[in-house]
Amino acid sequence: MERTDWIKVHPLVVRITHWINVVAVLIMVTSGWQIYNASPLFNFAFPFALGGWLAGALQWHFAAMWLLAGNGIVYVGYGVASGHFRRKLLPIAPLAVLRDVREAFRGRLAHDDLSKYNAAQRAAYLALIVALAVLVASGLVLWKPVQFHWLGSLLGDYEGARYVHFFAMAAVVFIVLVHVAMVILVPRTFPSMFSGRARRAS
Amino acid sequence: MNKKFLIHRAPEVARLERRLFLKRGLSLGALAMLSGCNLTDQESVQRVLWAMSRWNDRAQDWLFDPKRLAQEFPESAITQPFPFNAFYAEDEVVEVDGGRFKLEVGGLVQNKKSWTLPQLYALPQVSQVTRHICVEGWSAIGKWSGVRFSEFLQRIGADLTAKYVGFKCADKYYTSIDMPTALHPQTQLSFRYADELLPAKYGFPMKLRIPTKLGFKNPKHIAAIFVTNQNPGGYWEDQGYNWFSGS
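Chains as they are written, first to last, in the numbering used here: chain A, 421 to 622; chain B, 8 to 254.
Just chain A, with the same shape it has in the complex (with noise of 0.2 Å):
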């Protein structure tokens, strides 16, 4: 009998908060769009959009922020502690970023041990998290303009605000693109998200 050889990729506690951070991103995206739509910033509309009208989609962008939010601090309080982070995505070497990124277009990127980030991984995910506390931030601005005052004075204020929302909400879709297209690409890195684990590359 042939034995597998398996190695452990990611933590239960990575693997939940994912999925969860999965659900809460779509919907605050999507009734985010919504939200857009009523007093958009640019000369466009996004065609779909969660929530059906304004009310509707604040309704869900309110309702999924604590999801979000909650999600956030249990993965990023776990991040730093159990030093997963640390592990995980650090040192980040801005070299060795471009040289990944540049073999990932030329579609000959290493990944073949899933329990080791390469570098332009390290640097994606490290950058969805950044680009997601600045959503939060710039949302807790837009939201309580007044009680969070002090925070609005480092975004630009309330017009500001709007436009760093936008753009943090731009790169987390143009991240997460970028993520589901290269889990396409190398389609073993999927059930690992569930599992944990992996077979060891031979």
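No wet-lab data here; the hints were simulated from the structure.
Ideal Cβ positions, reconstructed from N, Cα and C, are used throughout, including at glycine.
Some hints could be false.
Stated by the list, open to error - Derived DSS-like pairs (lysine-lysine); straight-line CA-CA distance at most 25 Å:
#, chain 1, residue 1, chain 2, residue 2
1, B, K119, A, K564
2, B, K170, B, K119
3, A, K564, A, K428
4, B, K109, B, K179
5, A, K564, B, K74
6, B, K179, B, K120
What the hints assert, rightly or not - Not everything, but these chain B residues come out facing chain A in the computed CB check (under 10 Å):
#, residue
7, A58
8, Q67
9, P131
10, I140
11, G247
Let chain A serve as the given structure and place chain B on it in line with the hints.
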């Protein structure tokens, strides 16, 4: 005849059916993407969303600092022209006869006598240049003048421990606010905009200016004010906008 037509047109019919099938497939995909609209209409989903909105009322009530002031701006920052916004078009704005107007006061107040405009204008007047933020996302800075609402509530002997203040308007609009916001130092019963008598489009004879709440919580054309412990809801609030909607 029909049969003959069908046979004759069979290739076209098949093409049409294929096209219909394709279209249906596409709409199925679109439906999956847009399922939010359908999802939102489902009763159980509706219940959860409304329950979350009530939870958000409590969270905002807890976050609200009755002493924290909204930012005030120099007059040079005023938005020109200040946008008109209502649940109807600008040419449908209600015209109130100021000479015969009387503001009704009711509910948990000691002095229920109505107020004429000259009586209201005689109250101590203050001004503010603050940012009006619409639930739609846009904002505009304007200058409003009138009496501090807390001052007015004291004059009518309102029960300041009551939970809500409700407003009925001449344009059939209605809304309500929490007492802590009603007593906030910047909450103002406004009679003037940009140093002019409040024009009809901005809410003549008076509006409630609350820089710590979204625009739709700032009722215009106020005709009656009442103090109560039962949440009176509001025109937009009853349709789904969050009731507290504080800034």
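Hint by hint, here is what the structure shows:
For the hint pairing B:K119 with A:K564, the CA-to-CA distance comes to about 35 Å; that exceeds 25 Å, so the pair is violated. Distance check on the hinted pair: B:K170 and B:K119 sit about 18 Å apart at the alpha-carbon level, within 25 Å; holds. About 42 Å separates the Cα atoms of A:K564 and A:K428, which puts this hinted pair outside 25 Å; it is violated. A hinted pair counts as satisfied when its Cα atoms are at most 25 Å apart, and B:K109 with B:K179 qualifies at roughly 16 Å.
At most 25 Å may separate the alpha-carbon atoms for a hinted pair to count; A:K564 and B:K74 meet this at roughly 15 Å. With a C-alpha separation of about 22 Å, the suggested pair B:K179 and B:K120 falls inside the 25 Å cut-off, and the hint holds. For B:A58, the interface hint holds, the least distance from its beta-carbon to any beta-carbon of chain A being 9 Å, beneath 10 Å. Contact between B:Q67 and chain A, as hinted, is supported at the beta carbon level, the nearest pair being about 8 Å apart and thus within 10 Å.
This hint is violated: B:P131 has a C-beta 24 Å from the nearest C-beta of chain A, more than the 10 Å allowed. Interface restraint check for B:I140: the shortest CB-CB distance to chain A comes to about 6 Å, inside 10 Å, so the restraint holds. With a cut of 10 Å, the hint placing B:G247 at the interface with chain A holds, because the nearest CB-to-CB distance is about 3 Å.
Consistency note: the structure conflicts with the earlier hints numbered 1, 3 and 9.
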